[in-house]
Amino acid sequence: MIFLKRQLPLMIAFVFGMIGIMIGYVPHQSMEDMYTELVGWDRLLAAFALLLGMYSLLRMHFKRIERRDSGFGYSIVLWTGFLITFLVGIYNEGDWIFAQRASHGMLNWIYDYIFKPAGATMFSVLAFFIASAAYRTFRARTGSAALLLVAALVVMVGQVPIGDMISPKLPELSTWLMEIPNAAVKRGIFLGVALGVVATSLRIIFGVERAYLGGE
Amino acid sequence: MKRQTLNRLLDLDRRWIFLFVLVAAIFARLVDFDLPSRPKRIVKDVYDQIELLHESGEVLLLSMDYDPAGKPELEPMSRAVLRHAFMRDVKVVGMTHNPHGQNLGQTVLEETAAEFGSKYGEDYVYLGYKAGFATLVINMGQDFYDAFPLDFKGVDLKSYPITKDIGSLSDFGYVFSVASTAAWEVWMVFGSEKYRFKYGVGATGVMAPDVYPFLQTGQIKGLLGGLVGAAEYETLIDRPDRAAVGMRPQSAIHVLLVLLVLFGNVIFFLERRARRSGRA
Amino acid sequence: MNEHLRDRILFAALATLILGSNAWLLISGRLPADWTGFGIMLAAAITLSMYSFLYKDNVLFKLVEHLYIGVAAGYVTTVYWFNIFWPDLIKPLFFPDPGVPRRWLRLVPLLMGIALLFRVSRRFGWMSRISFAFIMGFYSGIAIPNYIETYMIEQLHFTVGPLFVSADPVHLWLEGAFLAAVLGYMILDWLWLSLINKPWLNALALLPAAVLLFIGIFWHIPGVSSVVVLFGVLTVLVYFFFSVEQKGPVATASKLGVNFLMVSFGASFGYTIMARMSLLVGRLEFLLRDWLGVLQ
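Just so you know, the sequences run in chain order W, S and Y.
Mapping the first sequence onto my numbering, position 80 (from 1) lands on 80, and the numbers just tick up by one.
Mapping the second sequence onto my numbering, position 142 (from 1) lands on 1142, and the numbers just tick up by one.
Mapping the third sequence onto my numbering, position 272 (from 1) lands on 2272, and the numbers just tick up by one.
In case anyone wonders, no lab produced these hints; they're calculated from the structure.
Here the structure is a predicted model, which is why all the values come from computation and not from measurement.
Be aware that one or more of the hints could be misleading.
Claimed, not checked - Per label pair, the in silico range of CB-to-CB distance:
| # | chain 1 | residue 1 | chain 2 | residue 2 | range |
| --- | --- | --- | --- | --- | --- |
| 1 | Y | Phe2095 | W | His104 | 22 to 30 angstroms |
| 2 | S | Arg1038 | Y | His2171 | 49 to 57 angstroms |
| 3 | Y | Leu2010 | W | Arg67 | 27 to 35 angstroms |
| 4 | W | Leu57 | S | Asp1032 | 52 to 60 angstroms |
| 5 | W | Ala133 | Y | Phe2214 | 53 to 61 angstroms |
| 6 | W | Gln29 | Y | Arg2122 | 43 to 51 angstroms |
To be verified - Straight line, CA to CA, 20 angstroms or less: simulated SDA-like cross-link-like pairs of lysine to any residue:
| # | chain 1 | residue 1 | chain 2 | residue 2 |
| --- | --- | --- | --- | --- |
| 7 | S | Lys1158 | Y | Lys2255 |
| 8 | S | Lys1040 | W | Ile21 |
| 9 | S | Lys1040 | W | Lys5 |
| 10 | W | Lys5 | Y | Arg2119 |
| 11 | S | Lys1119 | S | Gly1057 |
| 12 | S | Lys1194 | W | Glu179 |
| 13 | S | Lys1044 | W | Ala211 |
C-beta: ideal position from N, C-alpha, C; glycine also.
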């Protein structure tokens, strides 16, 4: 049992990790086929992982309804939204689930007139908050802060057409800021990120990092 | 000015600022004035790639990797690029890495295709969503048909003239990802490096600065950054639409914010001076 | 007037506004009395309810927020079935089309997927470890070569790319001299800055370098940009390099790195503001054009 719970997962991570590193470099048809099959498995597992997330979201709200927590009415709304959309989806305009997906119909209506406006508006609310945050916190307290401020203002004006109307040099300067200092910094950061990814990946493959397996 | 007044200005209720932003945006949208966009070089690069497809007859893969949250910023890009493609008779395969975005891609494809009388299956195909991200890109590169045996309606891809000969990502003339997530990176890291296709990005303003280092190395060919990028593209294809008219409220808010920030700084320094002289 | 009462009046006004506008749009025939018209009205009501959060967190906002999450969950589940589970797993394994061989190998991801779902069970939770080990191990493996290639080899390649690109020899010499001047100055500056520690002197000393760079940029001298990029990458790396004590020349370099970071963060922030405002512009477009029809 201990073997199944502890050693086997680490062995699997090691074996498939090594396969993953080498597989792209072996130009043989059987390896290519194996690569295709393995990425196919990984894709399917990613889909199963989503079900897991869905389960925990719905369970949490079910518990809230069950316990009559404060605001459990919202959880009922969430469940109602889920059930209606889900049922409309599997009804599939009368064809049910073991068939082609209907490309038009009720599900598209729900998507277009509930999901789309809600999602788009949710994040556009941030526009107002970022405006207020800019007014409150954007202060040239120090030299570095002044630099940040100036760069931000130049980009803000230089990127939109009105900057071009004020002076054609503004968009040019803003483009230069993006292409030279910004690109240099991003390059440095990406180098660091890549090193980090490689290091973490090696730790996972060699079983040093095992937090993803959960406790025990 | 008194310190009290200065402090009150510094602590302005944020709802006033909300109101200013709203009024500026609505006002600039209602008043009609001309605000032409001048396309940047990186936007022109995307345009040129689509033109090259027109010459070579190769297929464009348009990956619309966004959901409704990114739609106002990114859909105008998809629309403009699609219009350009259909206008120049370039075949398009659409897809998405975002499960919430499947219908967005479908709608924008159907609407633009209807404008030009383009037909499903002959001029464009929509694959829809598949999970996997990095592994999906590799899967498509290794064996396109294994990753996408069917289109989003459940029809065999071998039955369409556009897709029947596509065996790998390298068979596409240009891959363009319109992304509000890290999908743009995934296409580059796991796709364009190994399967050697030309690759361009349409990114939200939040992510666009991250794309710049890859433009210089040629790892990414062409970038549309935010709604401004879409507006510039609309100018290039001479079909001003939502992005182009959006530039008026967009510019107005930017100017308002710049003024607000400058004003805030002036008040801040006045207040600091008043505080220091008060202490002395 | 107490705050509670004021809030109630405001929300009653909002509700009246939504209902009233919709009624008016219907009666005046601006919106059709069918599913599309009803959809647009509903979408507008959802949009305005969400914006009511700007005034204060409230019931309307929370209702719409939860509805949104629920609908999203329902939608995604059906997408996963029709796009993945059915065509890639169930169909090829259990209901293959005539003439197409059954894909027995798909049993492996099916079993691993079921094991993954046992994550929620206390007794059989360990089974999910096998699936997670596969996902993490395999992904880590394919990530290593791809990340090195994309972010390190290709990127460094450009960072140390060619400085001189002019074809005309006179230009080439002029550019070379200019670059030598800039670089020489920067190096001297850097060494000198490491010796003294007076902020205003530091700032003053940076000024000529900045002027030289500006000249280079506005005359479009090609090498200048490469030098700045190189300088930026190096100083940023020094800043992030914590293994060396940040003293003397290292400290100066890392300070310069900070300035590069600030410019980049500022530029990114400018872009972020732009992005958020675009979302707002998009919603206003919906309200003014698609819903109220006051714009064409």
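Checked hints:
1. Phe2095(Y) - His104(W): 22 to 30 angstroms: Since Phe2095(Y) and His104(W) have Cβ atoms about 25 angstroms apart, the given range 22 to 30 angstroms holds.
2. Arg1038(S) - His2171(Y): 49 to 57 angstroms: violated (28 angstroms)
3. Leu2010(Y) - Arg67(W): 27 to 35 angstroms: holds (33 angstroms)
4. Leu57(W) - Asp1032(S): 52 to 60 angstroms: Because 46 angstroms falls outside the window, the suggested range is violated.
5. Ala133(W) - Phe2214(Y): 53 to 61 angstroms: violated (31 angstroms)
6. Gln29(W) - Arg2122(Y): 43 to 51 angstroms: Since the Cβ atoms of Gln29(W) and Arg2122(Y) sit about 45 angstroms apart, the hinted range of 43 to 51 angstroms holds.
7. Lys1158(S) - Lys2255(Y): violated (59 angstroms)
8. Lys1040(S) - Ile21(W): violated (39 angstroms)
9. Lys1040(S) - Lys5(W): violated (57 angstroms)
10. Lys5(W) - Arg2119(Y): holds (13 angstroms)
11. Lys1119(S) - Gly1057(S): Judged against 20 angstroms, a Cα distance of about 17 angstroms means the pair holds.
12. Lys1194(S) - Glu179(W): Violated: Lys1194(S) and Glu179(W) sit about 26 angstroms apart, past 20 angstroms.
13. Lys1044(S) - Ala211(W): Violated: Lys1044(S) and Ala211(W) sit about 46 angstroms apart, past 20 angstroms.
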